[in-house]
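S.K.: We have chain A; now place chain B onto it with these hints.
Each chain, written out:
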Amino acid sequence: MRFTDLLSMAFYNLWRRKLRTSLTVLAVVIGATLVALMVSIGSGLQSFIVGQFGEIVPQDAVIVSSIKDVFQRQDNSPHEITSTNLTASNPFTYDDFQKIRAIPGVVQVDYNVSVSARYIQPQDSSKMYSVSVNAAPVYQAELRKLVVGTDITADDVTGQCVLAYDYLKAFGWSDAESALGKQVSITVGKLNPYSTATQAYQFTVVGVLDKTMNGSDVFISLPDGKEMARFYQDNPLLYSEQQPGYALYLRAESISQVDSIAQAVKDLNFSAITPAELLAQINSVFSVIQIGLSAFGVIALIVAAIGIINTLLMAIHERTREIGIMKAVGATRGTIRIVFTVEGGALGFLGGIIGTLLALGLGQLLNFIGSRTFLSDFPGFKMSVFPVWLVFGVTALTTFISLVAGLYPANNAAKLDPVDALRYE
Amino acid sequence: MIKLEQLKKTYRMGEEVIHALDGVDLEIPGGEFLAIVGPSGSGKSTLLHIVGGLDSPTSGKVIVNGNDLSRSSDKELADHRNHSIGFIFQSFNLHPTYNSLENVALPLIFARVSAAQRKKLAWAALEEVGLTNRAYHKPNQLSGGERQRVCIARALVLKPGIILADEPTGNLDSVTGEHVIEILSGLNKEKGITLIMVTHNPDLAKRANHQLFMADGHVVEERKS
Numbered sequence: 001m002r003f004t005d006l007l008s009m010a011f012y013n014l015w016r017r018k019l020r021t022s023l024t025v026l027a028v029v030i031g032a033t034l035v036a037l038m039v040s041i042g043s044g045l046q047s048f049i050v051g052q053f054g055e056i057v058p059q060d061a062v063i064v065s066s067i068k069d070v071f072q073r074q075d076n077s078p079h080e081i082t083s084t085n086l087t088a089s090n091p092f093t094y095d096d097f098q099k100i101r102a103i104p105g106v107v108q109v110d111y112n113v114s115v116s117a118r119y120i121q122p123q124d125s126s127k128m129y130s131v132s133v134n135a136a137p138v139y140q141a142e143l144r145k146l147v148v149g150t151d152i153t154a155d156d157v158t159g160q161c162v163l164a165y166d167y168l169k170a171f172g173w174s175d176a177e178s179a180l181g182k183q184v185s186i187t188v189g190k191l192n193p194y195s196t197a198t199q200a201y202q203f204t205v206v207g208v209l210d211k212t213m214n215g216s217d218v219f220i221s222l223p224d225g226k227e228m229a230r231f232y233q234d235n236p237l238l239y240s241e242q243q244p245g246y247a248l249y250l251r252a253e254s255i256s257q258v259d260s261i262a263q264a265v266k267d268l269n270f271s272a273i274t275p276a277e278l279l280a281q282i283n284s285v286f287s288v289i290q291i292g293l294s295a296f297g298v299i300a301l302i303v304a305a306i307g308i309i310n311t312l313l314m315a316i317h318e319r320t321r322e323i324g325i326m327k328a329v330g331a332t333r334g335t336i337r338i339v340f341t342v343e344g345g346a347l348g349f350l351g352g353i354i355g356t357l358l359a360l361g362l363g364q365l366l367n368f369i370g371s372r373t374f375l376s377d378f379p380g381f382k383m384s385v386f387p388v389w390l391v392f393g394v395t396a397l398t399t400f401i402s403l404v405a406g407l408y409p410a411n412n413a414a415k416l417d418p419v420d421a422l423r424y425e
Numbered sequence: 426m427i428k429l430e431q432l433k434k435t436y437r438m439g440e441e442v443i444h445a446l447d448g449v450d451l452e453i454p455g456g457e458f459l460a461i462v463g464p465s466g467s468g469k470s471t472l473l474h475i476v477g478g479l480d481s482p483t484s485g486k487v488i489v490n491g492n493d494l495s496r497s498s499d500k501e502l503a504d505h506r507n508h509s510i511g512f513i514f515q516s517f518n519l520h521p522t523y524n525s526l527e528n529v530a531l532p533l534i535f536a537r538v539s540a541a542q543r544k545k546l547a548w549a550a551l552e553e554v555g556l557t558n559r560a561y562h563k564p565n566q567l568s569g570g571e572r573q574r575v576c577i578a579r580a581l582v583l584k585p586g587i588i589l590a591d592e593p594t595g596n597l598d599s600v601t602g603e604h605v606i607e608i609l610s611g612l613n614k615e616k617g618i619t620l621i622m623v624t625h626n627p628d629l630a631k632r633a634n635h636q637l638f639m640a641d642g643h644v645v646e647e648r649k650s
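Those protein sequences? They're chains A and B, same order as listed. Residues 1 to 425 in my numbering are what the first sequence lists, from first letter to last. Residues 426 to 650 in my numbering are what the second sequence lists, from first letter to last.
These are calculated hints, taken from the structure and not from any lab test. Glycine included, every Cβ here is placed at the ideal spot set by N, Cα and C. Each hint should be verified, as a subset may be incorrect.
Below 25 Å or equal to it, Euclidean Cα-Cα: the simulated BS3-like pairs (lysine-lysine) are [as the list claims (entries may be wrong)]:
hint, chain 1, residue 1, chain 2, residue 2
1, A, LYS266, A, LYS99
2, A, LYS68, A, LYS266
3, B, LYS563, A, LYS18
4, B, LYS486, A, LYS415
5, A, LYS127, A, LYS190
6, A, LYS18, A, LYS68
7, B, LYS631, A, LYS415
8, B, LYS500, A, LYS415
9, B, LYS649, B, LYS614
10, A, LYS99, A, LYS226
11, B, LYS428, B, LYS631
12, B, LYS631, B, LYS544
Among the chain B residues that face chain A by a calculated CB cut under 8 Å, a handful are [said to hold, decoys possible]:
hint, residue
13, ILE427
14, ARG506
15, ASN507
16, ASN518
17, HIS520
18, THR522
19, ASN524
20, PRO532
21, ILE534
22, PHE535
23, ARG537
24, ARG579
Here chain B stands alone, though its shape is the one from the complex:
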């Protein structure tokens, strides 16, 4: 369960104050598939970052699994990112010199998991996205779709309850993108993982059971099916 109350985020860009989020209220029950749609600068990525504990709000509350992230320490936020959240980015954000297995195992290092156990868990996560045959390849030896599947495996490796995907298909062709979306929605349906996806693509958004349309830091429309 994720609950946002009067969430605000303002940036300063020189003299100008930008309201990336301007009072957002939202409830996302566990196991939901939420799509956030909106033009660039509408605040959808900021929202995702705040729910993920990568960014903190200027004011308002972010309650994830009963914890108010706006009051959490750096350590608690890091633990949140490590255990409760799996991030998937448009630009993958894989470690360039690590192979797939090492990339998937990276969160486990910060969770103080032993090396032997890390390999086991990372392998299992790669198996889940069907990529064990690419375990020892580095990101630059993988196709875009394969990279995104490594990212999904990395997001899954500590079995989080929430996956946050920021334009996960933005850098992929439609066929590969469709495959990635199938994996993600499969995780949502079969494992009950809460999936929050930011996208430009209205067709993709329709796959979600909850849609949020944003503009200029406000929620302009909300649809549930």
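If we strip away everything but chain A, and leave its shape as in the complex, we get:
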């Protein structure tokens, strides 16, 4: 039997029972729509987070920690500890710092300066606001999108800051332009809870972050950050070669050296993670999320597959005599089997196509509504994103599932005895 005849016979037979076919296809449509929409929402979230990640972590950076296995996800079950002194987390020493700086390909080593500020105040106001201070090297900070102004241009600049967009509203500043040149003061306390000493640091606003970078972030230069951290911890040697801290950022000469640097760090018995590894971790989390989201759709598809089996068994029952006729005029068992398998596959194919189109439409609607309401602050964020593989993948999945569902009924049909089938009333 020719493939075109097979297809036209399958669709002809489905068309003969329009209502039954529609209902069976509807079940597939529900499953396909759920799978496609959920995966598309997962990809939307993923591409947003991955995009944000690209704006935070430069490709040529390696993040290094003195604590072994800090970047490995650990479970709660007992795991082997390979060294006695690893239970306490020891910071990098002067020697460690020198060894790391000597790794070939490392062009820059920066301390991971962690600043604990108490509050931020705009000029001419006594109101206090929460703040999260970040002191990052320039090559990392410059990835961030600004709506207005400039980044801190060099690693030795002091007294400049870049504000999160949300501060404009909090401070009552009319627009981003007007923020430029304004003063803010950030007050730092002491780590020791019995000490009441505080110190205020003055900054000039040179830039405002893009809306998509929501939050209460303030970016300052490394020297400023170091000074504030030293005050907070009462430790004038903090973030120097003598006391490098627990984490360092290494900058590679080129992106191609990132992996070898990370390996060299691991060989020194420290932990290292590259942006690619971080991204892989994020992506693997999203794979799990997508699978979780599409589980409902997959369950619906399984139910739909049962519907397909039922539909085909009914069809075979009704068409027993036709099967006998086909055999009498030259159909093999294999022909009968494939006729019904293709019929099942056609149900899944139709359901897959309709479901994908429906999900595409619903996804667009979601994006449209989202961009006007709850996502209006995230111009780049689409709730539902359809990669090309998803459009074809869902139809392929439903077709495959229904082909498999069709096998059992088709086999039953193939096994019918032609003489009995012809006598069947």
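M.R.: Below, chain B without anything else, positioned relative to chain A:
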């Protein structure tokens, strides 16, 4: 040339074993018109089904055109039914939702004939039974005689050497039945198609040049003229 040697077919019906055919030997030379006569349950339809490759024997040989059907695969049997045999049934066995043309073209689908060629061949076969004016009618719009002529056209469409007719006039009145028999015997005489016909009717059997009388799975009498 069809040759049956010690052909046996047994069925199980619960505890009971039924010998539908109990050692039949028979030779049918090409171009013959054979009538098989016998009461219900005598095994005549089973014989026809086995020669047609619709059923397989329990033991014995069925040699049709040199091929032993008892040793043939499903594919070979299907090919036999498709190309070497044309079946005509008492109850027509037409596809209820196909029109005459589509019904006649059905064997051609399994012979992998192209759609355009199928239409041509099916039309020619309908012409042969004088039914082109009913080409686009469905079976339920046709009279019994017309239905049986569609069946004959379907049986003829791949130009088989053998036509197997199982009570072809059983559901027809005598005038229409006579017409169908005329077409069939015409095919036998003019085209040399081997015709094997199962019938209850002794008058019809007399039209054949070879008659086989069966009872309880045995051949009880054979006449040749």
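S.K.: Decide, hint by hint, whether the structure agrees.
M.R.: Going down the list of hints, with the structure as the test:
no., hint, verdict
1, A:LYS266 x A:LYS99, "holds (12 Å)"
2, A:LYS68 x A:LYS266, "holds (9 Å)"
3, B:LYS563 x A:LYS18, "holds (20 Å)"
4, B:LYS486 x A:LYS415, "holds (24 Å)"
5, A:LYS127 x A:LYS190, "holds (21 Å)"
6, A:LYS18 x A:LYS68, "violated (65 Å)"
7, B:LYS631 x A:LYS415, "violated (39 Å)"
8, B:LYS500 x A:LYS415, "holds (13 Å)"
9, B:LYS649 x B:LYS614, "holds (16 Å)"
10, A:LYS99 x A:LYS226, "holds (22 Å)"
11, B:LYS428 x B:LYS631, "holds (22 Å)"
12, B:LYS631 x B:LYS544, "violated (37 Å)"
13, ILE427, "violated (18 Å)"
14, ARG506, "holds (5 Å)"
15, ASN507, "holds (3 Å)"
16, ASN518, "holds (5 Å)"
17, HIS520, "holds (6 Å)"
18, THR522, "holds (6 Å)"
19, ASN524, "violated (13 Å)"
20, PRO532, "holds (4 Å)"
21, ILE534, "holds (5 Å)"
22, PHE535, "holds (4 Å)"
23, ARG537, "holds (6 Å)"
24, ARG579, "holds (7 Å)"
Checked against the numbered hints above, the structure violates hints 6, 7, 12, 13 and 19; every other hint is satisfied.
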